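Visitor: Next come the chains, spelled out residue by residue.
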Amino acid sequence: QKEVEQNSGPLSVPEGAIASLNCTYSDRGSQSFFWYRQYSGKSPELIMFIYSNGDKEDGRFTAQLNKASQYVSLLIRDSQPSDSATYLCAVRVYGQNFVFGPGTRLSVLP
Amino acid sequence: NAGVTQTPKFQVLKTGQSMTLQCAQDMNHNSMYWYRQDPGMGLRLIYYSASEGTTDKGEVPNGYNVSRLNKREFSLRLESAAPSQTSVYFCASSDLAGGEYEQYFGPGTRLTVT
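Each protein sequence line maps, in turn, to chains A and B.
Residue numbers for the first sequence follow our numbering, so the first one is 1 and each next one is one higher.
Residue numbers for the second sequence follow our numbering, so the first one is 111 and each next one is one higher.
Next up, chain A with everything else stripped away, as it sits in the complex:
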């Protein structure tokens, strides 16, 4: 069973702070890693993906991957109330087979 785990939260951070979201995965052969944002009652939207060890930055978002530890994270700098949502970690395990984690609910407090 290929698994992706996330802390369900809620994770609460004050406005302007850095939010740190974490994800672990079980399949060492996993190819690439994705972060999606999902507002309540809406569909997931892709934030970014990463497939090499290290950091990848896109605006206020930074994804970090450590394949040896089977760990991927998402940092959100200068968090805004509009960032309050559920963040889904997804792993492409092989081909076009994707496994999603249960999501972490983030609340940014004004």
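FYI, nobody ran anything at the bench for these hints, they're computed from the structure.
Just so it is clear, the structure is predicted and the values come from calculations on it, not from any experiment.
Backbone N, C-alpha and C fix where the C-beta goes; we use that ideal spot for every residue, glycine too.
It cannot be assumed that every hint is accurate.
SDA-like, lysine to any residue: derived pairs with alpha carbons at most 25 Å apart [claimed, not checked]: (1) A/42 to A/85; (2) A/67 to B/212; (3) B/167 to A/45; (4) A/67 to A/42.
Cβ pair distances, simulated, as ranges [to be verified]: (5) A/28 to B/115: 34 to 44 Å; (6) B/149 to A/71: 21 to 31 Å; (7) A/12 to B/206: 36 to 46 Å; (8) B/136 to A/68: 34 to 44 Å; (9) A/94 to B/189: 35 to 45 Å; (10) B/149 to A/94: 25 to 35 Å; (11) B/177 to A/68: 35 to 45 Å; (12) A/3 to B/111: 28 to 38 Å; (13) A/55 to B/224: 47 to 57 Å; (14) B/206 to A/28: 15 to 25 Å; (15) A/81 to B/167: 33 to 43 Å.
Away from chain B, derived, C-beta distances all over 10 Å, residues of chain A [stated by the list, open to error]: (16) 42; (17) 45; (18) 77; (19) 109.
Go by the hints and put chain B onto chain A.
Guide: Quick look at chain B alone, frame taken from chain A:
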């Protein structure tokens, strides 16, 4: 440019009834997917189609069938609905972009089976 569209938005079925969920995309993507989302369980892949004329099972295919009608359309059929199939169903499409499959999701279909 509508992206990914799904019909219907809401549906209530009785146990044993059948129905087809429709999905269409106008982004000329090769790949399409069906997921279900249950509380606390994230999205689970039911079936996907890497190209017109091909389909493959995902994590939870039992009780479902799919048809890739053409490049634009990918339908999901429940032959005999069960209460365990109560869920929100999302269709997605993707193509290789920047070396990876970036998935775009439709608005979802909320299905209740009584």
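Visitor: For each hint, tell me whether it holds in the structure or not.
Guide: Evaluation of the provided hints:
For the suggested pair residue 42 of chain A and residue 85 of chain A, the alpha carbons sit about 10 Å apart, so the restraint of at most 25 Å is met. Note on residue 67 of chain A and residue 212 of chain B: the hinted pairing holds, with a Cα-Cα distance of about 21 Å set against a maximum of 25 Å. Between residue 167 of chain B and residue 45 of chain A the alpha-carbon distance is near 23 Å, which keeps this suggested pair within the 25 Å criterion. Note on residue 67 of chain A and residue 42 of chain A: the hinted pairing is violated, with a Cα-Cα distance of about 31 Å set against a maximum of 25 Å.
Checking the proposed 34 to 44 Å range against residue 28 of chain A and residue 115 of chain B shows it holds: the Cβ atoms sit about 38 Å from each other. Between residue 149 of chain B and residue 71 of chain A the Cβ separation comes to about 25 Å, which falls inside the hinted range of 21 to 31 Å. Separated by about 37 Å at the C-beta atoms, residue 12 of chain A and residue 206 of chain B satisfy the suggested range of 36 to 46 Å. Range check, residue 136 of chain B to residue 68 of chain A: about 42 Å between beta-carbon atoms, so the 34 to 44 Å window is met.
Between residue 94 of chain A and residue 189 of chain B the CB atoms are about 28 Å apart, so this pair departs from the stated range of 35 to 45 Å. Between residue 149 of chain B and residue 94 of chain A the beta carbon distance is about 28 Å. The supplied range of 25 to 35 Å therefore holds. The hinted range of 35 to 45 Å is satisfied by residue 177 of chain B and residue 68 of chain A, whose Cβ atoms lie roughly 42 Å apart. For residue 3 of chain A and residue 111 of chain B, the hinted distance range of 28 to 38 Å is satisfied, since their beta carbons lie about 36 Å from each other.
Our hint of 47 to 57 Å for residue 55 of chain A and residue 224 of chain B holds, since their Cβ atoms are close to 49 Å apart. Distance hint check for residue 206 of chain B and residue 28 of chain A: the Cβ-Cβ separation is about 24 Å, which falls inside the suggested range of 15 to 25 Å. The given range of 33 to 43 Å is respected by residue 81 of chain A and residue 167 of chain B, whose C-beta atoms sit roughly 41 Å from each other. Not every C-beta of chain B lies more than 10 Å from that of residue 42 of chain A, the closest at about 8 Å, which undercuts listing it as non-interface.
At roughly 7 Å, the least C-beta separation between residue 45 of chain A and chain B is not larger than 10 Å, which violates its mark as non-interface. Listed as a non-interface residue, residue 77 of chain A keeps its Cβ farther than 10 Å from every Cβ of chain B; the least gap is roughly 22 Å. A cut-off of 10 Å between C-beta atoms confirms that residue 109 of chain A is not in contact with chain B; the least separation is 24 Å.
Comparing the model with each numbered hint stated earlier shows that hints 4, 9, 16 and 17 do not hold.
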